[in-house]
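Protein chains: 4
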Amino acid sequence: MQNDVVRRGRLAGERSGEMMQFLSSMEADRHIADADVLVDIAHVMMLKKQQIIGENTAKELLSALLELYESGIPEQAFSVEYEDIHAGIESFLVGAAGEEIGGRLHIGRSRNDEVAACLRIRVREDIIKQLAILCRLRETLVALAEEHIATTMPGFTHLQHAQPTRLAHHLLAYEQAFSRDFDRLAESYDRVNMSPLGAAAFASTGFPVNREYVARLLGFSGILENTMDAVASRDFALEVLGDLCLMMVTASRICEELILWSSRFAGFVSLDDSFCSTSSIMPQKKNPDSAEIMRAKAGSVIGAYVSAAVVVKGLPMSYNRDLQELTPNLLRAIHDAKQSTGLLVDMLASATFDKERMRDEAGKGFSTATDLADMLVRRFDLPFRTAHTIVGMAVRKGELTLSALDSASTELLGSNLSSRGLTEADVSDVLDIEKSLEQKKVPGSPSRVSLLAAISSRKERLRADREKAEERKGLLTGSRDSLIREARRIAG
Amino acid sequence: MQNDVVRRGRLAGERSGEMMQFLSSMEADRHIADADVLVDIAHVMMLKKQQIIGENTAKELLSALLELYESGIPEQAFSVEYEDIHAGIESFLVGAAGEEIGGRLHIGRSRNDEVAACLRIRVREDIIKQLAILCRLRETLVALAEEHIATTMPGFTHLQHAQPTRLAHHLLAYEQAFSRDFDRLAESYDRVNMSPLGAAAFASTGFPVNREYVARLLGFSGILENTMDAVASRDFALEVLGDLCLMMVTASRICEELILWSSRFAGFVSLDDSFCSTSSIMPQKKNPDSAEIMRAKAGSVIGAYVSAAVVVKGLPMSYNRDLQELTPNLLRAIHDAKQSTGLLVDMLASATFDKERMRDEAGKGFSTATDLADMLVRRFDLPFRTAHTIVGMAVRKGELTLSALDSASTELLGSNLSSRGLTEADVSDVLDIEKSLEQKKVPGSPSRVSLLAAISSRKERLRADREKAEERKGLLTGSRDSLIREARRIAG
Amino acid sequence: MQNDVVRRGRLAGERSGEMMQFLSSMEADRHIADADVLVDIAHVMMLKKQQIIGENTAKELLSALLELYESGIPEQAFSVEYEDIHAGIESFLVGAAGEEIGGRLHIGRSRNDEVAACLRIRVREDIIKQLAILCRLRETLVALAEEHIATTMPGFTHLQHAQPTRLAHHLLAYEQAFSRDFDRLAESYDRVNMSPLGAAAFASTGFPVNREYVARLLGFSGILENTMDAVASRDFALEVLGDLCLMMVTASRICEELILWSSRFAGFVSLDDSFCSTSSIMPQKKNPDSAEIMRAKAGSVIGAYVSAAVVVKGLPMSYNRDLQELTPNLLRAIHDAKQSTGLLVDMLASATFDKERMRDEAGKGFSTATDLADMLVRRFDLPFRTAHTIVGMAVRKGELTLSALDSASTELLGSNLSSRGLTEADVSDVLDIEKSLEQKKVPGSPSRVSLLAAISSRKERLRADREKAEERKGLLTGSRDSLIREARRIAG
Amino acid sequence: MQNDVVRRGRLAGERSGEMMQFLSSMEADRHIADADVLVDIAHVMMLKKQQIIGENTAKELLSALLELYESGIPEQAFSVEYEDIHAGIESFLVGAAGEEIGGRLHIGRSRNDEVAACLRIRVREDIIKQLAILCRLRETLVALAEEHIATTMPGFTHLQHAQPTRLAHHLLAYEQAFSRDFDRLAESYDRVNMSPLGAAAFASTGFPVNREYVARLLGFSGILENTMDAVASRDFALEVLGDLCLMMVTASRICEELILWSSRFAGFVSLDDSFCSTSSIMPQKKNPDSAEIMRAKAGSVIGAYVSAAVVVKGLPMSYNRDLQELTPNLLRAIHDAKQSTGLLVDMLASATFDKERMRDEAGKGFSTATDLADMLVRRFDLPFRTAHTIVGMAVRKGELTLSALDSASTELLGSNLSSRGLTEADVSDVLDIEKSLEQKKVPGSPSRVSLLAAISSRKERLRADREKAEERKGLLTGSRDSLIREARRIAG
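Chains A, B, C and D supply the protein sequences, listed in that same order.
In terms of this note's numbering, the first sequence opens at residue 1 and continues consecutively.
In terms of this note's numbering, the second sequence opens at residue 1 and continues consecutively.
In terms of this note's numbering, the third sequence opens at residue 1 and continues consecutively.
In terms of this note's numbering, the fourth sequence opens at residue 1 and continues consecutively.
Among the clues, some could well be false.
Said to hold, decoys possible - Simulated pairs of lysine to aspartate or glutamate, EDC-like, Cα-Cα distance not exceeding 20 Å:
1. C:LYS441 / D:GLU212
2. D:LYS338 / A:GLU18
3. D:LYS468 / D:GLU139
Said to hold, decoys possible - Sample of chain D residues at the chain A side, in silico, Cβ under 7 Å:
4. GLN76
5. ARG111
6. SER270
7. ASP273
8. ILE302
Read the hints as simulated data drawn from the structure, not as lab findings.
Using N, Cα and C, we set each Cβ at its ideal position, and we do this for glycine too.
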């Protein structure tokens, strides 16, 4: 106990090893330890600037912290005898540089604002990475779409063959969905990247700290003004978890399709062996295991969201230790989402699509029956619902031939369609898949011209999004570099 | 069955009443029926503009639809024998105006794009209402804060008295949190308010529909380009549910506090009788039931989010009937959230705060011990950790007196503090609550000057937010009015 | 307000209509109103037996309550001006019979124990119904299995054709799973069917009530002894919700398969038209909508569970109004689960399985490759892993012929298998599907003999389960009948 | 790749390190590796008994496996280059003992039945441990109750002081709740402890394996007959997760109370320092952090349940790789629940209750007003509702004195109560807390006599439950010992 400089004054009592482990956030704190060193550096620079600590103290503290930054945090700082990495690092500094120096690190702040800052720094970096992966994923989808503009395939509703479409159209649906995931994460980034520092325990501090200066040093785009909100809220974390849930739900859908399409029934796609497993007993098996695990990861991310929301629900102000339990759920979801979508890029890029099988299936199931109904509307000025009923009746009888249509028409309208000029050739012409597709020319549809236009506009959009992601990344790197440079200058 | 013009062609078989009820979305569709009439009107106007239907058909359809708009949809259209309100209205029109007219309504579209459009229209209206309620809630919090700038109270961490703060500071924490809920919903609005119309079943249509024109007529700010994504995605609904979860989690926290503060222990607040219940057996009871139910509603909204996410997870493209089940979960959550936050406004506005009780408690629990440690740092140039330990040891002994500090200092440093000039008066002076509060001058802190600044800047922000919400509302009303006007003009 | 006899003493203040609606549990209480009348009757009988009320009061109260039991509760008792049905009925009795009589109903109890009792009565009845549905479902599965003992089909792992099986085997897997759902619900029943009555607000009462007598009158199998636990816990509700989640997860799996099997790809099954929908635009479509909605209902039930768990989590003792919010979530899940599984029975019973399609697919994808490897083990005493590798290599080359096996064997072992006596006939013989199936004779496997044994033992089990369910139902009906009979006797 | 004997035949392709890590279940498999060795041993013994492998092969395999059992599994078997521990161990045996021996291990089984068996073995052991912890927890609660039979305290509803109770009564409420958690887990145990072995991939095997024998060897109480269900279902895992959710929800409630009672407001309890933290900035703080983390752990366990349910929902038969993702969620929840409840035992046992504070609060808030109303009923034969209203009106006026009651009575009934003989002494007598408590004599109530009876009956129950738990543990240990003994005998 005596090693923990935070506990030593107020609390007596020997804690059991299990209790220490239970109380300590060390396992999760490994993921924010690097951020903590940056926060410490910026805090010391601010204390010096505000003349709260002397030049010499600042020098020595910064030297020690830069050493941690450069050589890494020693393992002893991660001992579970400390409740968290903040106590671990402070205790280490006290041990290394003496309490006269190390004991001055924690002036004018609390672990409450410190941990919130570290978590935000960690999450913003993860968002930056996730945004880059989303760009790669969308680029892959657009590139595949470009390759498959002419790959005709069946489109499905209710898992039934519905109407023909093109693989490009199908893939661009996902690209469009993922672009909204990009937007959501980018917007959340702006709420994540706010500094809680200076809030201390929740009431700020009597020391003349400079909140804006610290925020700027750490690359935050502003401060969370109200200091109680700054330490007590975790909606930034819940929001990011929510973004990841939606992204993973979309990813689970493409995985579901890859699994379906890999089935012997469809045979539309063959995943690269490196994404598959075989059976320990059935030597012939090649299973799309990676897609199955990704599909399942959506479940894990949803569960992490639930955990986090339940933890925060109903907590009074301001900081409660329950919030610690949110962190591992958050970090696990971030990891799962990042890994899943990253591997999805490669899984898609290395997959082989069987164009012939797709085309073969595209015409099955009377997939152009709607075109036939539409033609009856145009040609004979029938109400759509009447034409729809006639075609439906013909299908119920099992075929879309002139005679089936005639018989349905007679039943419904009292006269057949041949007598009004419909021929067998008209019928088979309108049922032609490629013609059906090329007739669909509105924006976003599967005709060649619409697909080309869509691909071109999506590329434009992607270029802008990538720039946006990289600009943010650049700002972060820039602020970090200049923080370290300045700290080195002071440390001498 | 015969009444349902959609089913009659393809499907035979008598359905049981329970099966009809199970399959039908009618119960939830009551909430989108008004939107459906608007969508129908805009669709007909577009069909006419594109010369897909003739002027006379357009006239008659619009007349019938305007009748529904003005007099309400007749109850028969809501019969569960129809699978949904779209079939109900179309069947009603066929019945009323004859199939020659009514049977032409559904040209160039499908229920898939139609229901997605209706849901988006409904949700955007609900967001508008929720944004207005959030503005009212935030205004109430700011007004209360203004009233309670001088209301000193204990601030809590871990439900322990921690440091003194002011009620204004506490309430502004919530205002700041709710302002992020406002921002999230406003951003989601822009993703909700996109038109899926023209996507038809998912592949668009061979008719030369005009997607942008319909979108404009209905006040959408653009189209969801890819037509498969347009009908298959529900991330807009999940996103709004996620926003509401976060908002309700924040609301549950303020309710938790109102419950705690209403307890005899705290006695900080008394809710108006109209928000309370008594006991059927204990005649003396006055219970904060409304706050308890609101706290619980957060659970219901989280559950609705889970339901919706689970429903969509793993669904292949494009439309699947599972999506129908998402709607009641969404609408229920929207209702619960709107009602809870709406009533929270009145509950807060009518509550009575007991300033004296709050002040009495503010100084308990050595709440200014941090100030004492800070003073030792400043006065004797002690490292903060050393000062923290000395004060902690004194507290463990049960009092913050000069002698307790001296004894702790002697134990830790080998010398006492009196000999360095510390007096009993110094100690009691630094422990003064109001002085402690006034020393905290950084932005967002509980000193009078910081609170005044915060209130002023939050008012500014609120004004801008209210304008933003009202502008959106105005656009919607404007587009609806001009749609109806134009429809009337055509209908003659 | 004045009409609510519970509120009138302690609370002033006019409540808004919205507030009343928010606070009132009336909507959900419609589902427990019948139970409440029974609870009231039993309570009055006990009060009389214990001489807490006089004979005359008992007579008049029982007369009034029996009138409610027989003619139904008047609509006015459901007004949202009452917080709940308990206040509604008491206020009605006070209005009808005068306060001298009606005002004596609530002696020695509280709404806290009353509502818990009503909810338990309602839930136990729902469990009884659900158990009966599960029996029907399992009987249907067994009957279908009996019909399809010889229906060979492919079995799947990872949605890949894996090994041949029989439809009977597949359906019995579900029957076995649903039988565990039966067991769980039956066990939960015993925890649900315990009486909280006599607990009053939580501390019981000073009146000499007779807890065991009331429990017996109402058909409870015992009392929840500790009176604080009796009113404060809802684990019985969460437990039932959990049972329903698991049952619906199993149901969602069979629905997923019915959807897959209905797809044009598989074509294994055709659901009856009455369980399907068509498309409003694509006249040829026949979609398995009912199965999709059931699959989605699993999501709603999981969400209801989450809502309920979140509501209870972290609540201090004893009763908190939050618990009211649990009820609608519970009742909705019960309804969804009951309806889904009930309709699943009919959907399965009316489905048409295409035996030929199933058999055709059973041999695809080298589905008996394991049998080949096994044969190599037996015939040539190869280690299984070696045989597995040889067959795997042959499949990778695209065929399971003697020459492919020889070439793999040569590559792996340095010698071919023909030279050891393997012939083309051996290979094709071991790959025969029916032979493969008939060789699997262990309990629970898909050979004819194992299936017959399984069907026979499952029937036995089902008979016992049905008896168990009916016995419970009989006890309930019996206790209700004798309660009413006795009440009538007293009322005269 | 080449090291993985399962993959080598069928699959080509080099996998990236990240892909291997993603696909591999190794991290979670560490928790089932010991179980896997037992399963392997039993499998080999059965293969020998059924003469599927020869005596010598059995000897060598068993020697190698016993070596793993005794000295631990070598680290190399846990390499992520293997997809799972089953492949890891088999590959290790092939490497160590040669393919001639090691390659025979996997005859007549698959990883599908193997992993299901391992998971069930692991979970049943965890249940045994959790049952023991629940016994300890309940014993602690009963022991504390015994100590606090006379500790009068306020009971709460809606967090309002409601009626007096005794700490013993309060603690026994939790004991009763936890005893249901015990019952649920014990019942689940019986569904967990069933053997899936012999199911192989899902269709069983053509080898004449002996399912009952293997089951018996491993201490299972029976076999899961249908072999498809045996490998495809995970309801056993979901069920256990559900049990843990409910248990943790109950634990979260007692933690909530410990936090409330630790607050300065209540001051009812002081947790031992070893379960508390202080603040890094506020030297006076002593926070009940352990209770907060436990409360939060309930959220994590609920989230794990959701993850698992979502993963399984909608999966078709039979095995899908998604199921792998269920395992870490399950194991994490088991760990969290076990650790939380284990530490809760010590936290309760070491806590100090302040009897005086409790008694002081017990009489506040007119906590015996119900007794007063009850007395008016008895003494003046008033209807309860009338008496309730009179007392409620008096409270609204702020005091429960004779004159306040008289004035309320006059207002309501037109006459006062003094005139009917009520005296000031009567009023104060009936309001006496201890008298009120002693009057509550029904089973489960807080009077001394009821508490003594409850404690005695709970001890009886606990004794029986502990025996039940230990009997199960004994059976497991016994079967394991005899398995190893028999294996050693064969290995020679």
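Evaluated hints:
no. : hint                : verdict
1   : C:LYS441 / D:GLU212 : holds, 13 Å
2   : D:LYS338 / A:GLU18  : holds, 11 Å
3   : D:LYS468 / D:GLU139 : holds, 15 Å
4   : GLN76               : violated, 19 Å
5   : ARG111              : holds, 4 Å
6   : SER270              : violated, 12 Å
7   : ASP273              : holds, 4 Å
8   : ILE302              : holds, 5 Å
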